[in-house]
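Please model the complete structure; the sequences and the hints are all you need to start from.
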Amino acid sequence: MSALLIAENLGKSFRRGGVRLAAVDGASFSVDDGETLGIVGPSGSGKTTLARLVVRLIDADVGTLQFEGADLLALRGKALRATRKRIQMVFQDPLAALNPRASVADVIGDPLRIHRLADSGGRPAAIAHLLNRVGLPAALASRAVHEISGGQRQRVAIARALATEPRLIVLDEAASALDVSARAHILKLLVELQAESGISYIFVSHDIAVVRAISHRVAIMDHGRIVETGPTAQVIAAPQSATGKALIAAVPHLMPAQD
Amino acid sequence: MSLVARFTRSPEGLFGAAVLAALIVIALGAPFLFPRDPLSIVGPPLTAPFTDWALPLGTDRLGRNVLAELVHGSRASLLVGFAATLAAIIIGASVGTIAGFAGGLVDEALMRVVDAFQTVPGFLLALAFVSVIGASLPVVVLAIALSAWTGPARLARAEVLSLRERDYVAAARVIGMHPAEIAFRQILPNALAPVLALSAVIVAGAILTEAALSFLGLGDPNIVTWGSMIAEGRAVLRSSPFLSIIPGIALVVTVLGVYLFGEGLSEALSRRAVRS
Ligand SMILES: Nc1ncnc2c1ncn2[C@@H]1O[C@H](COP(=O)(O)OP(=O)(O)O)[C@@H](O)[C@H]1O
Ligand SMILES: [Mg+2]
Numbered sequence: 001m002s003a004l005l006i007a008e009n010l011g012k013s014f015r016r017g018g019v020r021l022a023a024v025d026g027a028s029f030s031v032d033d034g035e036t037l038g039i040v041g042p043s044g045s046g047k048t049t050l051a052r053l054v055v056r057l058i059d060a061d062v063g064t065l066q067f068e069g070a071d072l073l074a075l076r077g078k079a080l081r082a083t084r085k086r087i088q089m090v091f092q093d094p095l096a097a098l099n100p101r102a103s104v105a106d107v108i109g110d111p112l113r114i115h116r117l118a119d120s121g122g123r124p125a126a127i128a129h130l131l132n133r134v135g136l137p138a139a140l141a142s143r144a145v146h147e148i149s150g151g152q153r154q155r156v157a158i159a160r161a162l163a164t165e166p167r168l169i170v171l172d173e174a175a176s177a178l179d180v181s182a183r184a185h186i187l188k189l190l191v192e193l194q195a196e197s198g199i200s201y202i203f204v205s206h207d208i209a210v211v212r213a214i215s216h217r218v219a220i221m222d223h224g225r226i227v228e229t230g231p232t233a234q235v236i237a238a239p240q241s242a243t244g245k246a247l248i249a250a251v252p253h254l255m256p257a258q259d
Numbered sequence: 001m002s003l004v005a006r007f008t009r010s011p012e013g014l015f016g017a018a019v020l021a022a023l024i025v026i027a028l029g030a031p032f033l034f035p036r037d038p039l040s041i042v043g044p045p046l047t048a049p050f051t052d053w054a055l056p057l058g059t060d061r062l063g064r065n066v067l068a069e070l071v072h073g074s075r076a077s078l079l080v081g082f083a084a085t086l087a088a089i090i091i092g093a094s095v096g097t098i099a100g101f102a103g104g105l106v107d108e109a110l111m112r113v114v115d116a117f118q119t120v121p122g123f124l125l126a127l128a129f130v131s132v133i134g135a136s137l138p139v140v141v142l143a144i145a146l147s148a149w150t151g152p153a154r155l156a157r158a159e160v161l162s163l164r165e166r167d168y169v170a171a172a173r174v175i176g177m178h179p180a181e182i183a184f185r186q187i188l189p190n191a192l193a194p195v196l197a198l199s200a201v202i203v204a205g206a207i208l209t210e211a212a213l214s215f216l217g218l219g220d221p222n223i224v225t226w227g228s229m230i231a232e233g234r235a236v237l238r239s240s241p242f243l244s245i246i247p248g249i250a251l252v253v254t255v256l257g258v259y260l261f262g263e264g265l266s267e268a269l270s271r272r273a274v275r276s
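Respectively, the protein sequence lines represent chains A and B. So for the first sequence, this note's numbering puts the first residue at 1; every next one is plus one. So for the second sequence, this note's numbering puts the first residue at 1; every next one is plus one.
Derived by calculation from the structure, the hints in this document are not laboratory data. Positions of the beta carbon are idealized from the N, C-alpha and C atoms, including for glycine. Treat the hints loosely; a few may be bogus.
[What the hints assert, rightly or not] Here are the in silico distance ranges between beta carbons for each label pair: (1) B:VAL106 <-> A:ARG15: 19 to 27 Å; (2) A:ARG116 <-> B:PHE15: 49 to 57 Å; (3) A:ALA22 <-> B:PRO121: 48 to 56 Å; (4) A:ALA249 <-> B:ARG185: 43 to 51 Å; (5) B:PHE50 <-> A:GLU147: 53 to 61 Å.
Set out below in structure tokens:
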């Protein structure tokens, strides 16, 4: 396996009433082809900021980001928009992440149109195919996004992310706003899609139980720093950092056996 | 409950809608009701109203049919009112969207332009514009739009500033959408509702401004307007006050109707906002 994404010493701080607070501080990690990196940490630890840095929604203050061997942070304008085809994102609240006036077909059709992946004649078929891939009926295409359920909306958001056949999808709390059964279905869908296409994920969540279900490796964040990283099973069995121990202790059935 | 159903629960809104509908019918029907040029002379001058059934509202100083003038005058009022409002909203919403979306220096510069327009009283601006370029219907429309676009611009900017932080806008960037498409196709349509709620007030103001310009002789000289009728009547205000009073009443009823319609509409809109 080769590294698809390599982040080194990424940093981002925000002004808060005159003082600069580091939301992400010296974060280094990598994601391999076909791998899922889980990022877990308490609320406010900088996970969302890190996710948005990786998809270039916000600009890093310091650090480097290499994607497919090229410098991702150097891209601007048209070149950046073209590269976005290969890095997609799924947000926490699918209702907020979809234009309230849009239909399902608009949402999934936009990336196809923007990156000229299907002409207007071929678009309905491409949209139907994407809906099927995320386990939704093709007939849903004509519905408005506010008419469908939360679980269906998140599937639509995933279909939008898949439309450009990206190499990497960053998922920020993508299952957190869903009920238990919808969450289980979404996680299963993500694993199946990865098995089919070898896509990589960065899966961000405050819930280590959810991260465990999907990640090959995990990075634990606290106060903007990555305090621990390693294979999922190993980190859960023997967390090294205080944050890691606390996160695992909070979920009783994950507690490593006492000895 | 639909917007229409909520609207029908407001009596003032219904009254406004009725006035507006009647005016639109009259304005559209004017060429059929009074096919002759309303500026043609049809009887003895200064016939008092309700004395001759062929000329129910009497005649003016030159012997022109006041009712025909009134009916044809509604066309100018409504046309200018709607066209100027449409222009003001298109200009204002575009400028406000660009300012709010671009931010930084672009925002600063555009908002200083808005400030500059707002410090000059709207009527003076329209007056200056028309007297420099010359009076014709399109110039009057543009002049009124120039004095009315700043409200929509501010409102659109404020709305865009809050919308641009939404996740769906971030999602549009992530799929590689061009910023112009994000601003005008993703954000602007969602920012439009409060801006449109402003339109009734702008229409009412535009109708008044048009009447005032015509009153000062700065309207299009080739068409009848209520403002020019009032100005005409002023010369004989003591002997025949009805010549000024009749178009004056038409103006008041129209502006009131448009205003109440707008009130009813924004009330219906805000009830929905509370609900959702
Ligand atoms: N746009 C912003 N402006 C100011 N502070 C921010 C902004 N985004 C995040 N922060 C701050 O950065 C820290 C990390 O936030 P975030 O990345 O959202 O954490 P998480 O997703 O782990 O809950 C928090 O203290 C938050 O208040
Ligand atoms: Mg977060």
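Here's how the hints hold up against the structure:
1. Take VAL106 of chain B and ARG15 of chain A: their Cβ atoms lie about 21 Å apart, and the range 19 to 27 Å holds.
2. Restraint check, ARG116 of chain A to PHE15 of chain B: a C-beta distance of roughly 53 Å satisfies the suggested window 49 to 57 Å.
3. Taking 48 to 56 Å as the suggested C-beta distance range, the pair ALA22 of chain A and PRO121 of chain B conforms, at roughly 51 Å.
4. Here the CB-CB span from ALA249 of chain A to ARG185 of chain B is close to 49 Å, well matched to the stated 43 to 51 Å.
5. For the hinted restraint 53 to 61 Å between PHE50 of chain B and GLU147 of chain A, the CB-CB distance of approximately 59 Å keeps it satisfied.
Violation of the numbered hints given earlier is absent; every hint is satisfied by the structure.
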